[in-house]
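Make the full structure from the sequences, and use the hints.
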Amino acid sequence: MAAVSIFIAGVLALLWFAGGLAGHGVAPLWLKAAEAGLVAALYLLFIRITARRKSASETGGAENADEILVAYATQTGVAEELARHTVKALADGGQAARLADVAALDLAQLQKARMALFIASTTGEGDAPDAAGGFEARMMAAPAALSGLRYAVLALGDSSYADFCGFGRRLDAWLEASGAAALFVRTDVDRGDEAAIAEWFAKLATLGAASGADAPAFETWRLAARRRLNPGSDNAPVFHMCLEPTAALPDWRAGDIAVVRPRNETRAVDDLLLALKLDGGAPVTLRGEKMTLKDALRQRTLPEPGMRAKLAGAGAQGAVDGLQPLAPREYSLASLPADGKAELVIRQLRYPDGRLGVGSGWLTEHAAEGAEIEMRLRANPSFRGPEKDRPMILIGAGSGVAGLRAHMKERAAAGRGRNWLIFGERDPEKDYLFKDEIESWRASAALARLDLCFLEDGVQRLAQDVLREEDSQLHQWLKDGAAIYVSGSRKGLGDGVDAALKEVIGEAALSRLIADNRYRRDVY
1 MAAVSIFIAG VLALLWFAGG LAGHGVAPLW LKAAEAGLVA ALYLLFIRIT
51 ARRKSASETG GAENADEILV AYATQTGVAE ELARHTVKAL ADGGQAARLA
101 DVAALDLAQL QKARMALFIA STTGEGDAPD AAGGFEARMM AAPAALSGLR
151 YAVLALGDSS YADFCGFGRR LDAWLEASGA AALFVRTDVD RGDEAAIAEW
201 FAKLATLGAA SGADAPAFET WRLAARRRLN PGSDNAPVFH MCLEPTAALP
251 DWRAGDIAVV RPRNETRAVD DLLLALKLDG GAPVTLRGEK MTLKDALRQR
301 TLPEPGMRAK LAGAGAQGAV DGLQPLAPRE YSLASLPADG KAELVIRQLR
351 YPDGRLGVGS GWLTEHAAEG AEIEMRLRAN PSFRGPEKDR PMILIGAGSG
401 VAGLRAHMKE RAAAGRGRNW LIFGERDPEK DYLFKDEIES WRASAALARL
451 DLCFLEDGVQ RLAQDVLREE DSQLHQWLKD GAAIYVSGSR KGLGDGVDAA
501 LKEVIGEAAL SRLIADNRYR RDVY
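Residue numbers for the sequence shown, in UniProt numbering: 1 to 524.
Derived by calculation from the structure, the hints in this document are not laboratory data. Where is the CB? At the ideal position from N, CA and C, for every residue including glycine. Warning: the hint list may mix true and false statements.
As the list claims (entries may be wrong) - Below, a list of computed lysine-lysine pairs in the DSS-like style, where the Cα atoms sit at most 25 Å apart:
no.	residue 1	residue 2
1	Lys430	Lys491
2	Lys88	Lys203
3	Lys294	Lys277
4	Lys277	Lys341
5	Lys409	Lys435
6	Lys277	Lys310
7	Lys388	Lys479
8	Lys294	Lys310
9	Lys341	Lys409
10	Lys277	Lys290
11	Lys502	Lys479
12	Lys409	Lys388
13	Lys112	Lys203
14	Lys491	Lys502
Claimed, not checked - Pair ranges (Cβ atoms, derived):
no.	residue 1	residue 2	range
15	Gly370	Ala104	27 to 33 Å
16	Thr206	Ala104	23 to 29 Å
17	Ala65	Ala225	52 to 58 Å
18	Asp106	Arg267	53 to 59 Å
19	Gly458	Ala202	53 to 59 Å
20	Ala448	Tyr161	34 to 40 Å
21	Arg355	Phe184	36 to 42 Å
22	Ala448	Pro428	20 to 26 Å
23	Ala182	Ala65	15 to 21 Å
24	Ala173	Ala196	15 to 21 Å
25	His475	Ala91	25 to 31 Å
Okay, here's the thing in structure tokens:
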């Protein structure tokens, strides 16, 4: 409105001045030209101001206090996906809402907002997502003045870590200490628990959001092929999986994620049925679908033997209702749509008692080739390639090669050859995953530099060792604008690379890389 007022006032002043001169018979050509020029200039000023405001609104500027601010802090894209779904549910209910990255928020924006919904992931042992670390250091060190804000927090985490939902809980506590009023109790989500997410959207309905918001749909895929990548290795088996859709092939980009609904192995389900003395063929209902008890139990989290007594006497339907759904498993996509299939790289997890992990065991061993797999693909903007044609330093170990492989395919297809790959495993003969592909990239100049880290003479060379040894090269690549992408285990690779970078380039420089989206991690 201020821009409109400036425009109208300027034009009226000019016309008044010109009209006064014309009334005295003194309106020369230069004045008419100036009049036209000034009108045009004022119009351009008006357009520029309104465009700036539109841009600010689209990128997170708090211009409309009546809008509900929906802010996300994400590491692998889950929080952002849920935030977008939240905005849509509000919009479908007639509530104006806008999306913002927590990393881009400042105190003035929070103070101007009347209501804010935060979807906050936790990574590692209670840490904030990489991009949100600066927000926590800058904003959450002490309480702020937010007494006019009403808020809610959806905290995402993994209960297998001691500091479950740590960042979400700290964010909630900081908002409360800052005087903000909670709209409702924080919702904690354990490994994508669908019931907890449904609870969040039910709470949103009290704010005017459309009810019955649908969760992202899973599609049916077929397990087309499976092969072990490290036969004969002393390491845990690593498998290359190829899945084909039964419908049209969806689109995705390097860095995106496959979300899989696993199934329990038949033997484990049979053991539970025997212990509970239940008929696996008994009819039950799960998620509104009728099926046998055995099929339903394959989709639920089975209790440990010592906890089975809680289900005694519950009956078939009671047993299903008394168990939590199996949490979806997420895997980095190792292929591109041009390959015609979704490819995954999965390391088989085996517990000390010999049992296989539910997700890895099902995909790498229990599901037969040709079996149907429930899977959906999820965008992960936090690990997608740079928008600009800048150099890339790709660092990975073990099954972390999956996401890096997709990036290398994408870069090679685009003719972007300024790539430095640092890859580590143990045995150079048995654990060099995708050796032929990597060597072909080096031979074709798709790789400008390749550093391999294997166990040699009893000494394991690590990716972080390369960064320290090649510090001058690292500085030069970063000076040339390179972005660093890290994929692999957090404890074995992520923490080590992080420490090496802080040592070689300094914490301040690393923080700048994070702020500029030039340091991205897909660690687990």
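Quickly compare the C-alpha distance for Lys277 and Lys290 to 25 Å and report which way the hint goes. holds (21 Å)
For the pair supplied as a hint, Lys112 and Lys203, is the alpha-carbon distance within the 25 Å limit? holds (23 Å)
Distance restraint hint 23 to 29 Å, applied to the beta-carbon atoms of Thr206 and Ala104: Since Thr206 and Ala104 have Cβ atoms about 28 Å apart, the given range 23 to 29 Å holds.
For the pair Ala173 and Ala196, does the Cβ-Cβ distance stay inside 15 to 21 Å? About 19 Å separates the Cβ atoms of Ala173 and Ala196, which means 15 to 21 Å holds.
Are the Cα positions of Lys409 and Lys388 separated by 25 Å at most? holds (17 Å)
Given the hint that Lys277 pairs with Lys310, does the C-alpha gap stay at or below 25 Å? holds (14 Å)
With respect to the beta-carbon atoms only, verify the hint that Ala448 and Tyr161 lie 34 to 40 Å apart. holds (37 Å)
Restraint check for Lys294 with Lys310, where alpha carbons must lie at most 25 Å apart: Judged against 25 Å, a Cα distance of about 18 Å means the pair holds.
Return holds or violated for the Cβ distance of Ala448 and Pro428 against the range 20 to 26 Å. holds (22 Å)
Verify the CB-CB distance for Asp106 and Arg267 against the hinted window 53 to 59 Å. holds (56 Å)
15 to 21 Å was suggested as the range; check whether the CB atoms of Ala182 and Ala65 agree with it. holds (19 Å)
Can the suggested window of 53 to 59 Å be confirmed for the beta-carbon pair Gly458 and Ala202? Check passed, 57 Å falls within 53 to 59 Å.
Hint compliance for this structure: hints 4, 15 and 25 are not met, and every other hint is.
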